[in-house]
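**Q** Listed below are the residues making up each chain.
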Amino acid sequence: MNEQRLRNLTLLSPAVLFLAAFILAPLLLMLYVSVLERGPFGGVVWGSHTGIAYQKLLYERDLLGRLSFNSDYIAIFARSCRLAAMTTLITFLIALPTALYMSTLSRKQAAWILFLVTIPFWTNLLVRNFAWILILRGGGVLDTFMQWTGWVTQPLDILYTPLATGIGLTYSFLPFMILPIYVALERIDPSVIEAAFDLGANRLRVLQRVVLPLAMPGIIGGAILVFVPCLGAYVSPELLGGGKSLMIGNLVQAQFGASRNWPFGAALGIVLVLALLLVIAMAALANQHKKRVSR
Amino acid sequence: MSRHKLLSSRINATVAALAILFLYLPIVTLVVLSFNDNDLTTIWTTVSVKWYLAVLQNGDILRATKNSLMVACAATFFATCMATLAALGMVRISRGPRVLLEGLLGLPLLVPEIVTAVALLILFVLIGFPLGLTSVTVAHTVFCIPFAYYPIKSRLAALDQSLLEAASDLYASPRRRFFRVELPLLSSGICAGALLAFISSLGDFVITYFVAGPGATTLPIYIFSLIRLGVTPEVNALSAIFLFASIVMISIAFVLLQSISEQKKPKGAA
Chain G
516 MNEQRLRNLT LLSPAVLFLA AFILAPLLLM LYVSVLERGP FGGVVWGSHT
566 GIAYQKLLYE RDLLGRLSFN SDYIAIFARS CRLAAMTTLI TFLIALPTAL
616 YMSTLSRKQA AWILFLVTIP FWTNLLVRNF AWILILRGGG VLDTFMQWTG
666 WVTQPLDILY TPLATGIGLT YSFLPFMILP IYVALERIDP SVIEAAFDLG
716 ANRLRVLQRV VLPLAMPGII GGAILVFVPC LGAYVSPELL GGGKSLMIGN
766 LVQAQFGASR NWPFGAALGI VLVLALLLVI AMAALANQHK KRVSR
Chain H
5 MSRHKLLSSR INATVAALAI LFLYLPIVTL VVLSFNDNDL TTIWTTVSVK
55 WYLAVLQNGD ILRATKNSLM VACAATFFAT CMATLAALGM VRISRGPRVL
105 LEGLLGLPLL VPEIVTAVAL LILFVLIGFP LGLTSVTVAH TVFCIPFAYY
155 PIKSRLAALD QSLLEAASDL YASPRRRFFR VELPLLSSGI CAGALLAFIS
205 SLGDFVITYF VAGPGATTLP IYIFSLIRLG VTPEVNALSA IFLFASIVMI
255 SIAFVLLQSI SEQKKPKGAA
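One line per chain: the protein sequences are G and H, in this order. If you read the first sequence in the numbering used here, its first letter stands for residue 516, the second for the next number, and so on. If you read the second sequence in the numbering used here, its first letter stands for residue 5, the second for the next number, and so on.
These are computed hints drawn from the structure, not numbers from a lab. One or more hints might be untrue.
[Said to hold, decoys possible] What follows is a list of derived Cβ distance ranges for each label pair:
#, chain 1, residue 1, chain 2, residue 2, range
1, H, Leu-22, G, Thr-659, 32 to 42 Å
2, G, Leu-789, H, Lys-70, 18 to 28 Å
3, H, Arg-180, G, Leu-532, 26 to 36 Å
4, G, Pro-728, H, Leu-22, 25 to 35 Å
5, G, Leu-789, H, Thr-50, 54 to 64 Å
6, G, Phe-584, H, Arg-67, 43 to 53 Å
7, H, Lys-70, G, His-804, 52 to 62 Å
8, H, Arg-14, G, Leu-671, 37 to 47 Å
Since the structure is predicted, the reported quantities are computational estimates derived from the model, not experimental observations. Cβ atoms here follow ideal geometry from the backbone N, Cα and C, with glycine treated the same way.
If we strip away everything but chain G, and leave its shape as in the complex, we get (with noise of 0.2 Å):
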């Protein structure tokens, strides 16, 4: 016994003191650097405590100063909310039919179009985002594309607004609702949806009774992988957002760039991780809640 825990102890440890140094220990530096003194210029005043980072979030201090509240900082995280929020729901209404029709499928089929779906989440973020610059900008693909059908003669000017943050997010983390709900859908033992046919359920009672509570820990999954991702989004806002639709990650990266705040910048990660953590007990309670319930 002890032979084998010396094994598996040494076996783990690269692994483990690796990632206890290089993910663990800065997640905490960064706790430690949020409630530290801005330098004069940049980094951080070691040993000189303070919350202003975290009051920065609320409050602001004018040149007299005194604090008056602002509410900028929390409009961004609204926004960053909402779009995540936004992302969440669209890519799950189109996920659920696709995982529906994909568990109507042989095994070898819905593997083919598992395939095809999983294929874009592997190609580089950047590329995919860029490919929607191609598309949504003034007199590109989809302008070009409208003006020849007649449909509209201006030009859409979506590039550079919140919903074409919203759509690169949606293209960038569809597979991730996809895959989830498919699983559980796949876990579904067919005699349940035979019977609950035969007692006499039409086709949307069965998927409000039966599918939906069925598959319900694979969409909670989806909404995590989605929401948690969005959430943190940098790559989608700043090359399809322009200026006007700023979210976290954005915020995040100009208080190491340009502002030289970082103890703000920590503090604003602070915050993320803090309400993904939270978003995430949600979907565990949720998902706790639902199985006491249908037991």
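Chain G is already provided as a structure; the job is to place chain H on it using the hints.
**A** For chain H alone, kept in the frame of chain G given last:
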């Protein structure tokens, strides 16, 4: 073998078709436009490969590609080694520590990229680690570990234990058993994991952007700077090449993963 046939409906099939169309429309658009002769990128004139030639002759692009490949190879190697050992070490560990360890191994995928990027930047600056290709490699190894770990873990779970027992019964030493039986059996999982790690390292932008520092330009960083300057046909061609390379690699990984799930099936049926 058709499963939930009763649920089939025309609406679902239509949405699925539209979803696939939505996923591929931008990719196809990009590839088509990359063969456009015209400078204006969206006005079609004639087919031409001149932008591909321009990409191949651009020294900056070749340097960036070399940097990307070096980082991806190194990060994949380190991450796959650590992930393989970790997967082997995770057998017969009690539930409590296992949850914690699995959590740590999955942490790089759970934390938003931007947060990992910032946290690593702070660490590197604090300990005086010079920002360059080495810091990028370390950062990539972090998020490559989970990508490599999961396929190896699932291959290990599908492993037929009786083969290992047979090896021992035939007097193979533990060392010989590992190198001659266990490792070859795990190889499809290790290859799939390494490929996934390689693809994600090659494609990473956000984390690299923070920890690269000047001089360590990788391909995504270079593409980003080009896009910032404006849309040029050269970016189309470069992106199309990148796209093609990713599709080839993911296809190989998919075939490997597919073979793992097929090996799993008879065991599940028994």
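**Q** Compare the structure with each hint and give your call.
**A** A quick look at each hint next to the structure:
1. One distance hint, 32 to 42 Å for the beta-carbon pair Leu-22 (chain H) and Thr-659 (chain G), is violated here, with the actual separation near 21 Å.
2. The supplied range of 18 to 28 Å is broken by Leu-789 (chain G) and Lys-70 (chain H), whose beta-carbon atoms lie about 40 Å from each other.
3. For the pair Arg-180 (chain H) and Leu-532 (chain G), the supplied restraint of 26 to 36 Å holds, since their beta-carbon distance comes to about 28 Å.
4. Taken as a hint, the range 25 to 35 Å holds for the pair Pro-728 (chain G) and Leu-22 (chain H), whose Cβ atoms sit roughly 26 Å apart.
5. Checked against the hint of 54 to 64 Å, the pair Leu-789 (chain G) and Thr-50 (chain H) passes, with Cβ atoms roughly 55 Å apart.
6. The hinted window of 43 to 53 Å between Phe-584 (chain G) and Arg-67 (chain H) holds, with their beta carbons roughly 50 Å apart.
7. Between Lys-70 (chain H) and His-804 (chain G) the Cβ separation comes to about 53 Å, which falls inside the hinted range of 52 to 62 Å.
8. Judged by the Cβ atoms, the range 37 to 47 Å given for Arg-14 (chain H) and Leu-671 (chain G) is violated: they are separated by roughly 30 Å.
Consistency with the previously given hints fails for numbers 1, 2, 8, ordered from lowest to highest.
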